[in-house]
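These are the residues of each chain, in order.
2 protein chains.
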Amino acid sequence: MLQEKLLEPVDLSHHLSQIARARAPSPLKDLQRYYGKPGIISLAGGLPHPDYFPFASVGGDALVPNSFPLSSPKESSSLSWLWNLISGRKEHTIPFQIPKYAAKLGELNLSETLQYNMASGAPLLQSFIKDFTEKVYRPAHKNYATLVHTGNTDGWGKVVTTLCNPGEGVLASEYTYPSAMSMMLPHGIKAVAVPLDGQGMRSDALRTLLSEWDESLRGMPRPHVLYTVPVGQNPTGTTTQSARKQEIYDICVEFDVIIVEDDPYYFLQHKPYSLPADRTTCSNGASDDEEYISQLVPSYLRFDHQGRVIRLDSFSKTIAPGCRMGWFTCNPIFAERLERQSETTTQGPCGFSQAFVVKLMLEWQYKGYLRWLKALCMQYQRRRDFFIDCLHEHFTLELSMNATGIWEGVPVYVASLKSGKGLKSEIRGPPMFSFTPPSAGMFIWLNLIFEHHPSFSTIGHKALEMRLWIALAEAGVLFGPGYMFAADSAADDEGETHDTGHFRISFSNAEYEDMKKAIVIFSFVLREFYNNVVY
Amino acid sequence: MLQEKLLEPVDLSHHLSQIARARAPSPLKDLQRYYGKPGIISLAGGLPHPDYFPFASVGGDALVPNSFPLSSPKESSSLSWLWNLISGRKEHTIPFQIPKYAAKLGELNLSETLQYNMASGAPLLQSFIKDFTEKVYRPAHKNYATLVHTGNTDGWGKVVTTLCNPGEGVLASEYTYPSAMSMMLPHGIKAVAVPLDGQGMRSDALRTLLSEWDESLRGMPRPHVLYTVPVGQNPTGTTTQSARKQEIYDICVEFDVIIVEDDPYYFLQHKPYSLPADRTTCSNGASDDEEYISQLVPSYLRFDHQGRVIRLDSFSKTIAPGCRMGWFTCNPIFAERLERQSETTTQGPCGFSQAFVVKLMLEWQYKGYLRWLKALCMQYQRRRDFFIDCLHEHFTLELSMNATGIWEGVPVYVASLKSGKGLKSEIRGPPMFSFTPPSAGMFIWLNLIFEHHPSFSTIGHKALEMRLWIALAEAGVLFGPGYMFAADSAADDEGETHDTGHFRISFSNAEYEDMKKAIVIFSFVLREFYNNVVY
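Residue numbers (my numbering), protein chains in the order written: chain B, 3 to 537; chain D, 3 to 537.
One chain only, chain B, in its complex shape (with noise of 0.2 Å):
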């Protein structure tokens, strides 16, 4: 299945947009030899002294890496948000400093974290980065480059510079993340919808795309980049398995298109939902981190062997989204392009956020971290299934294997409000969602299925999903309104998604007891909003 001979990764500079070619060398390029040279004295940087940094010594109290457990019990989803809220669980900490000035030669400290840095920032933080993605994603080809970001959002606006040029397309799925469009759309590309199913991105589709595209007809060259969620997809929820990849993968040489994989849910991949009374203790325990790495879909890197893939690494889940930090992994030519941008740009990534996210590793090490990640997909695991309790016991649910669509492939669960009085819960209303419990990530994907609402063949689906919107507003629930991940304004009036609105959840985020009670909300406000329907 893997590419496991590792080559150089082939020429693929034709890529590089006008902007990116027009980009400088470093204008240091020819003089840098001196600016490392041990006992030299630099006057040449515009440099403060670290004696005027206000900050004697910066530290704080880490978690301990254990600090959440790795298998989540039968009732955890029901029960145990409970027992937490009432036993007030005691943290364990790690306490941590540190100092404006190194005790010892490569230490970490302030007065080289909090000056300025180059834009591929501290040493200390470059080494943990190249570690980890060799030891985690073991990249296909061998001279691949790492190279840090100021997050995920920023990672892919410079990649956009660097590959597109304006008129051109960009492969993305039907629904995606929402800034990654924005981003390109005042810079004249465009987004080029890819339909989705239960794997994510469809690679039949994506072929059928890719070969039959007719310029004159498109008004654009054939796309050369793909932009993809491959895990825990924003906002569908599913996640790209590894056959699949490879085909995806085989398609873009085929076609010359450089992948771009934004994987912020990479870690938080679930175990498959079970309801209730189907249940049974689940654990993350793989007590070898060889096995767990391995459990993982692999990345799209696992499969590079041309250095075709840049892929986007962030802090922002792992850690905390104000790190503002993540990383590059992709050739070196692209890489180096990134570097001079973020040069004239954002430069290194925040001192604060690099001090502490390379101190926290370097309390934790790898194996500490990887202890942490494997419990965070369990408490994110915890919280899905919570939710998804929640809708099975305010909802009826009918479990359906054949989808077809969106959703083919994966267990559809087809929702419809119980009888009014509870006393007749087998007396089923008309369909009014359907969803597939997510197999990664922070997101519920509801397919809004209007049409039995009495105002459907007159306003249709689209003006249903906002009035909804809004009526849950009113009663004091926010779910993210569907059109806003539409890839492109098209793919919402076509295709497959054509009698259907949408809503994504996050259960990442709210308390146990808010997610149950906006569940409450939404059973009520739909009852409401089909009124006149008689059951």
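None of these hints come from the bench; they were simulated from the model.
Heads up, the beta-carbon is just placed ideally off N, CA and C, and yes, glycines get one too.
Treat the hints with care, as some may be off.
No more than 16 Å apart at the CA atoms, straight line, and that leaves these computed lysine to aspartate or glutamate pairs for EDC-like [stated by the list, open to error]: (1) B:K39 to D:E476; (2) B:K92 to D:D53; (3) D:K519 to D:E410; (4) D:K39 to B:E476; (5) D:K92 to B:E476; (6) D:K519 to D:D391.
Label pairs and their computed distance ranges (CB to CB) [what the hints assert, rightly or not]: (7) B:T210 to D:A26: 43 to 51 Å; (8) D:H94 to B:S15: 28 to 36 Å; (9) D:V12 to B:D252: 34 to 42 Å; (10) B:S129 to D:V12: 49 to 57 Å.
Which stretches of chain B does chain D cover? Using the computed rule of at least three CB atoms under 8 Å from a CB of chain D, they are [stated by the list, open to error]: (11) 55 to 64; (12) 115 to 128.
Guided by the hints, dock chain D onto chain B, whose structure is given.
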């Protein structure tokens, strides 16, 4: 002098670039009123749960605001660095802590600052910035906006994208901050050099340039954006005084030009330099804060009755570069477009940085921060004095008040090598470089006078500058090579700077003894460089 009437800004939206116009309004704009509703349950965002942020708290030890003295004793520059070295000055600090969860409403906490934030930053930061801008810069138009950014380099990049189209030019001082220019070039936006004098950008030259602009000859429309570092200009160290600013502002009104004021050195405004023999104790101790502020050269904002100034402020020089944080002050139309750009690129600044800067300002308060800034200025002034004293010690400096060209209107020292054996120090060699003591900032700009060099007539000043730079680097000293600071490559080959090379020397960061050593090496290398010149 200053516009005291606070007027509404005029409509300057015709300055927006095609990209800025094409940016969609915030996709949440219509729905925003629901987002802040008290008690609402939001399952809309893609937010991780703060329980999983692996820091129970962060904190540190902040220096007290009066850590550094307000006065610089007469002998400070030559002796007190030694005193500091021996006495091991003890730092007074304030311990502080930022908990994950607030104990009471409105308290700074990590669960919010490390979460995804608005691109406009944390509310506590927003109000600090707005308040500081109002009190210190007192903008002349009342309807201005402040907006946080991720450092002036990125801030400037966002301004360029917001105001300029490919093929346009930006007015900039003939020597200027290189990264600001490197950012523009790949976007097809070129610098248009405006000559400098001892007050920075020349208003007469600006008027001539604009009034005589010939679009067909220049190959671009008349520039509508002006970039300036008006205080402690990078690289020349000059400061644009009040009357000059008024002239430039008026010209920009007349020719409809937007002024971008990149002002990181604003609080490092030095008193005039005196030779050690003439120096008296110098103090920055205006007890009244109003008086202190009124002694600072006013920002362009102070003249800006139309809203055509975009000011860039940075914490890099006053707190630390690693903050990667600063702010725009400008009219609300520009601010809104800049905010949209941040939303789809950098988002808000790093949460650690926001937390630490806010906490420091809460601890110090406005008054404490001003105390810090006053003393910081004195520290850099001491460094400037020390550095020039070293030059005085190892070169013969002749003061001239009648310089023309780049140093017109300010005192200029012309340096020559002292006689070889130190016996007849009154016998001077030919002039080798000249400089004016900087009035602010971190840099001394040397004009290298190569006309007496034996190879001058054959290879010219550019090649000599590079040869001297390399000779110095080989001897263990790095200065900033002058060619890097030329706004456009043409500027170096024409006009008044045609027969000098340049070095930018930073006195802000090196240890005192290293600066001393660097000057000794510089004098040796210069002597060697001119080795066949007969005195």
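Hints, verified against the model:
{"no.": "1", "hint": "B:K39 to D:E476", "verdict": "10 Å, holds"}
{"no.": "2", "hint": "B:K92 to D:D53", "verdict": "12 Å, holds"}
{"no.": "3", "hint": "D:K519 to D:E410", "verdict": "31 Å, violated"}
{"no.": "4", "hint": "D:K39 to B:E476", "verdict": "10 Å, holds"}
{"no.": "5", "hint": "D:K92 to B:E476", "verdict": "59 Å, violated"}
{"no.": "6", "hint": "D:K519 to D:D391", "verdict": "13 Å, holds"}
{"no.": "7", "hint": "B:T210 to D:A26: 43 to 51 Å", "verdict": "30 Å, violated"}
{"no.": "8", "hint": "D:H94 to B:S15: 28 to 36 Å", "verdict": "56 Å, violated"}
{"no.": "9", "hint": "D:V12 to B:D252: 34 to 42 Å", "verdict": "58 Å, violated"}
{"no.": "10", "hint": "B:S129 to D:V12: 49 to 57 Å", "verdict": "53 Å, holds"}
{"no.": "11", "hint": "55 to 64", "verdict": "holds (count 10)"}
{"no.": "12", "hint": "115 to 128", "verdict": "holds (count 5)"}
Comparing the model with each earlier hint shows violations of hints 3, 5, 7, 8, 9; every other hint is respected.
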